[in-house]
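Colleague: Could you build the full structure based on these sequences and the hints that come with them?
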Amino acid sequence: GAGVSQTPSNKVTEKGKYVELRCDPISGHTALYWYRQSLGQGPEFLIYFQGTGAADDSGLPNDRFFAVRPEGSVSTLKIQRTERGDSAVYLCASSSGAGGPADTQYFGPGTRLTVL
Amino acid sequence: AQSVSQHNHHVILSEAASLELGCNYSYGGTVNLFWYVQYPGQHLQLLLKYFSGDPLVKGIKGFEAEFIKSKFSFNLRKPSVQWSDTAEYFCAVITNNNDMRFGAGTRLTVKP
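Sequence lines, in order, name chains A and B. Residue numbering for the first sequence follows the working numbering, starting at 21 and increasing by one per position. Residue numbering for the second sequence follows the working numbering, starting at 12 and increasing by one per position.
Treat the hints as calculated values from the structure; they're not laboratory data. We treat Cβ as the ideally placed atom computed from N, Cα and C, and that holds for glycine. Accuracy of the hints is not assured; some may be wrong.
[Said to hold, decoys possible] Away from chain A, derived, C-beta distances all over 12 Å, residues of chain B:
id : residue
1  : 24
2  : 26
3  : 30
4  : 39
5  : 66
6  : 79
7  : 81
8  : 88
9  : 107
10 : 118
[To be verified] Selected chain B positions facing chain A (Cβ under 7 Å, derived; list incomplete):
id : residue
11 : 16
12 : 50
13 : 54
14 : 55
15 : 59
16 : 105
17 : 109
18 : 114
Modeller: So this is what it looks like as structure tokens:
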């Protein structure tokens with residue numbers, strides 16, 4: 021596709037529920053990143069995939085959060101037992117993976133998650 | 012742990028004024044440095060990046076940034092801002108582990 025897409029654009033859920041957020045990276049990009057952005061803050065790194073594997077998940081805040089990328093393209097971020105503090109914009113980015121850390125990351129529009 | 016500091020939370024300028032947004036990072040090893048911009052209602056997009064070579068980096072829309080290793084800084088500059096530069100600007104650092112750290116952002120408002 022032309023850019024990174026994320027669905028849904030908005031998600032409202034109740035405390036304690038389970039949610040899934042989806043990211044479609046740019047076609048051919050092997051690297052995929054998830055970030056969380058709270059109001060008034062910069063994006064906060066959550067997890068990085070190279071292909072199908074999570075190369076770095078050190079940013080996941082706790083075991084309620086996990087992400088998968090089973091075929092090396094689309095990724096799903098899953099949040100169990102949501103809490104009000106999980107409310108934020110969840111951003112996905114992808115890069116070609118060829119240049120390592122110097123690669124440009126291309127960001128999607130984000131999913132705004134609101135936990136009531 | 013590495014961190015990124017952006018000194019100004021909100022900057023207000025008139026058109027044609029010069030701009031400098033500060034960014035400092037705390038990491039002693041090899042770094043790659045980025046400035047991203049988010050225009051109202053749009054995605055984050057890359058303005059410019061530094062990964063090696065000339066420490067003065069030129070980006071899109073007349074922006075430039077200078078990497079000063081001794082000061083751990085990567086300040087963003089533009090000689091003459093336009094109303095269309097109104098946006099939020101984020102400095103970011105990435106090291107060898109692909110873990111990108113962003114600053115809190117600086118909101119720039121340019122008055123016509």
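Colleague: State for each hint whether it applies.
Modeller: Hints, one by one, checked against the model:
no.: 1; hint: 24; result: holds, 21 Å
no.: 2; hint: 26; result: holds, 26 Å
no.: 3; hint: 30; result: holds, 19 Å
no.: 4; hint: 39; result: holds, 16 Å
no.: 5; hint: 66; result: holds, 15 Å
no.: 6; hint: 79; result: holds, 19 Å
no.: 7; hint: 81; result: holds, 21 Å
no.: 8; hint: 88; result: holds, 20 Å
no.: 9; hint: 107; result: violated, 6 Å
no.: 10; hint: 118; result: violated, 9 Å
no.: 11; hint: 16; result: violated, 11 Å
no.: 12; hint: 50; result: violated, 12 Å
no.: 13; hint: 54; result: holds, 5 Å
no.: 14; hint: 55; result: holds, 4 Å
no.: 15; hint: 59; result: violated, 10 Å
no.: 16; hint: 105; result: holds, 5 Å
no.: 17; hint: 109; result: holds, 5 Å
no.: 18; hint: 114; result: holds, 5 Å
In the structure shown, a violation is registered for the earlier hints numbered 9, 10, 11, 12 and 15, in ascending order.
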